[in-house]
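In the working numbering, the protein residues as written are 1 to 43.
There is no bait here: all hints are sound.
Per label pair, the in silico range of CB-to-CB distance:
id, residue 1, residue 2, range
1, A28, L3, 16 to 22 Å
2, R2, S43, 33 to 39 Å
3, V22, M1, 15 to 21 Å
Hints were generated in silico from the structure; no laboratory data involved. It should be emphasised that the depicted structure is a prediction, and the values quoted were computed from it without experimental measurement. Beta carbons: idealized from backbone N, C-alpha and C, even for Gly.
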Amino acid sequence: MRLTVYDTHELGMELLSYGPEVAVLAPAGLREWVREMHTASYS
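Using the sequences provided together with the hints, build the complete structure.
So, in structure tokens, the structure goes:
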């Protein structure tokens with residue numbers, strides 16, 4: 001299955017709602033942003 005996902009604010013908030021269990025495979029920029037947001041919110 002192929003799925004096209006657009007990097008939007010809503011997507012970012014949805015990913016953060018899953019907590020640190022979520023893993024972003026690509027793009028690297030979104031992966032890093034999610035990691036930074038989780039680090040900031042759990043520290």
